[in-house]
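**Student:** For this one, chain E is given, so just place chain Y on it according to the hints.
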Amino acid sequence: MTAVAIQVDGVSKRFRLYKEKPSSLKARVLSSHSRAQDFWALRDVSFDIQEGESLGLIGHNGSGKTTLLKVIAGILRPSAGVVRQRGRLAALLELGAGFHPELTGEENVYLNASFLGLTRKDTDLVYRDIVEFAELADFMQTQVKFYSSGMLVRLGFAVAVHVDPEVLLIDEVLAVGDEAFQQRCLDRVRRFQRDGRTIILVTHALDTVRAICDRAVMLDHGNVHAMGTPDEVVHEMRYVLLSRDPNFVPEHGSRQVEVSSVQLIRQDGSTEGAFAPEEDLLVEVEVRANSPVDDLDASMAIHDGTNLMRAIGRTSEAGIDLGRIEGKRRLRFRVPDLPFEAGRYWVTVGLESAATHEAYHVQTQRYWFEVVESQQRREEMVARVEVEAEDL
Amino acid sequence: MLDSPGCPLTSGFLPAVASDPAGKHRRRRAPPIGTADLVERTSESPHLRLGRLRELADYREILLNLIRKELKVKYTASVLGAVWSLLNPVVFLGVFSFVGVMLGNTMPNFPVYLLSGLLAWNVLSTSLQTGSTSVIDNANLVKKVYFPREILPLSSIGVALVDYVLQTVVLLLFMLATGTGLSWPAVALLPLAIVTLIVFTTGITMWASALNVRYRDVQHLIGIGLLVWFWLTPIVYSSGFVQQKLQGSSVLDGRSFWLYVLNPMAIVIQGFQRALYGDPAPVVDGVRQQVLFDWSVSEVALALLVVLTAASVLLWFTWRLFFRMSGDFAEEL
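Chains E and Y supply the protein sequences, listed in that same order.
Each residue of the first sequence is one higher than the one before, starting from 1 at the first, in our numbering.
Each residue of the second sequence is one higher than the one before, starting from 1 at the first, in our numbering.
Chain Y extracted, bound-state conformation:
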């Protein structure tokens, strides 16, 4: 109606570009735009390149602020504050010590064994649980502000790592109390185990958080999955015992142990335990008890390297998935 010729109100007053209902007006050749800092946004999902790391670095302020925010929100409104974070492993320890006594657990120095594995496990489980919903929880930000979306799951992981450092205080107390010394070269496994844990956690959290935007089933799946996974990983019970059991069993000709250690977390946790628990096969009442896997330090290191490699590949793929899907987060939420 507006475009009908002779429409009285627009007479003598047509705008510079009159309405073009058929969308026919051809664009004039776009003048060149300088290439410095040029950002192009197209319909194609961009390929994940290493340059993305630099972009992430540019936005680190947001990442740090989000981590800070999470920690503050988590702790400032509660009377005990960060003590809650320490209470979690202590309560766990109490419960499992009790269960252990009931089941006739004779493992020496159980607190250090449990905590060295449990704290590492907590990094994965809390990252995954909070990370999988991180994009949804911050829907308002995603819809209103541009920033690399990876920052959201990464901040969940960051919070979990800060918690890890806090909770390590409990572990250190027990190590001091029980006189568990760090022994060279086993302790050198610790940085490798930490890096592997972080890479693996990041890889799987990226996957979960991207998929959860489209399929909210993922967050429920994770709850159940983590429960099963936790008990399939030697954290509460002795890994050395598992090895003996499985290698001695006739199931799969004793090769079921290799199936068991396909669980990457079994290797990662083993790394932490080997670094922090001390003697992998302490002597109790004159009997040698194989608490950890019957592996040498270099064998554990090798296993960790294999897991690290696999986790890096996983991270590359899940990051790519996340990156590809993240362009549509704002409209999917």
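Next comes chain E alone, as it looks inside the complex:
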């Protein structure tokens, strides 16, 4: 079917870390090699990318994403393994590579474009588009040292999106500029995709990966930690991020009262599939008392992909006194007309003592659901939650 555009085959990369790098003969002679420490930025990384495929590369800081991109681009040499790559490649590791403050905007466009693989003739053809995209028509004959940082970024990006490679490596550069500008950048990436270009995108914006990539790879300490659909990998990434947070404990509490089951139920009663906006979400929580409790305060919170709390419901705040709990109790938290944009959301369920705020049982972001895209959506930062309780 389609051909492989990039093949990363068992690639490892070792950096030598020096306490103080000997950069003169004297230092080289005086210091022994034992002061160098090995640091493996990549370990046995393997994957293929088909022609026309868009791959998202995610991972926390220092996981090796940028190193891998540089190895693929040929800037760094792998310590082991092979990268095979076909077709003209352009790496956008930095906007405005080679920009010189003394040169005019126009001169810098040509200089920068040549680093991205455009010939002078190629650049001539797209020059007007570049100027238009950057919205800097009046400033092209000005030395860029007089540009504001925003203008520089726009110019750098305008050149970057006019490259014409078969394989495009993008490192974080989409994350600049205001929202409108970012939107134009994303549009541009989508156009590259339509044209059948192969793209590797390194980013921290997990939503971007889910929005535009066909597949994702998550690196962790230089290893491939997860590979699969963007949804799967982003979910995994989020979990890893959370679990690294020292404040994050997936489950804790004295268990005097326990969460025995949680169900996310759609309006039609099913527990399968994604939610449409403006559908009701019902979070049904079953609790069981291991020893009788008089002061239970139950809560349910929803967080979005950026870990922002988007909804919270609490029995105490809803004015519900759960009374004495022996045995089982069912609690319903209803979010009417789910006012969320498309994406994945995580549900936290907590059982606490109303008197001491001591935790009986808290499950942090253990459950998740999905909201699909919709035309007529009504977004709210914080959604209203209705709470009901029922004895079993």
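Misleading hints may appear alongside valid ones.
As the list claims (entries may be wrong) - DSS-like, lysine-lysine: derived pairs with alpha carbons at most 27 Å apart: (1) K121(E) with K69(Y); (2) K245(Y) with K121(E); (3) K72(Y) with K121(E); (4) K143(Y) with K145(E); (5) K74(Y) with K144(Y); (6) K143(Y) with K328(E); (7) K145(E) with K69(Y); (8) K69(Y) with K143(Y); (9) K74(Y) with K143(Y); (10) K145(E) with K144(Y); (11) K74(Y) with K145(E); (12) K144(Y) with K69(Y); (13) K144(Y) with K245(Y).
Stated by the list, open to error - Anything over 12 Å on all C-beta distances counts as not near chain E; from chain Y, calculated: (14) N140; (15) L226; (16) W231; (17) V236; (18) L259; (19) V283; (20) D285; (21) T309; (22) G327.
As the list claims (entries may be wrong) - To spell it out: a stretch of chain E is covered by chain Y in this simulated footprint if at least three of its residues, at any positions, have a beta carbon under 8 Å from a beta carbon of chain Y; those stretches are: (23) 62 to 75; (24) 93 to 100.
If you are wondering where the hints come from, they were derived from the structure by calculation, not from laboratory data.
No residue lacks a Cβ here, since even glycine has one placed at the ideal position from N, Cα and C.
**Tutor:** Okay, now just chain Y, sitting in the frame of chain E:
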């Protein structure tokens, strides 16, 4: 912790390739990848092959742009612009004429003699000085963009060559003013001398720029080395005089002259001087003065060819060194 079985968050939601801490997952056999335009990047430093020239040609746009940039940056911010470039040899000429008069220099047509050698020397010295730091100066590019790293020292040489062409205007003015004519066949030495100069300069600049990434001592060494080298090369003083002196001296049985011309720049400069200075032994006040080496044109040509051959070998080795080391530039900077 993540991989512990039963970890609640991943339950029912394991990614396609679960974490593999021991790195045990064996790669599936890699499917064949088409061979057209296939680029392979491995841990081995690739061998320098002639194909590299084609790659350099593919990236010539960057080279030209870098040269253009250097020239613009050098000249646009200054009021006099490129005139500065012309001023350098003129000032040199003024100073050395003055010193020459003080020391009783009687060389006829000294400006043409000095400039024909000095301009060629400047190609080497500026290439070497800017070229040795070229990789470091462009660290940001090296770390962020792929291109054949040779382009960096080559652009330094390119700038020096453009300067040479500009400065030649001064030399031509003096040649016109003093009525120095070009004489056949001596002038035929010029292209050979230029090629030799370029090959030799490239060879030594490649070496300096590659080594300077690892050992910053090189750039200081070059400053001192160039000073000594300049005075060991017959640019300011007469080469013919050196020949007479050394051949007539008892040091090494008069063979010290051969030691002297082991300096490749002595030969290269001689080539330029022979091509541009005119009569190598003009008659002054009825006395024949041997200004240049007492060599025939074909002897100079032969010497240049020897130097060119040696310089080509040097270039091959230093280029290989550069090529081998350049794979690690991005992490050494």
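**Student:** Hint by hint, which ones does the structure fall short of?
**Tutor:** Result: hints 2, 6, 13, 14 and 22 break, sorted rising.
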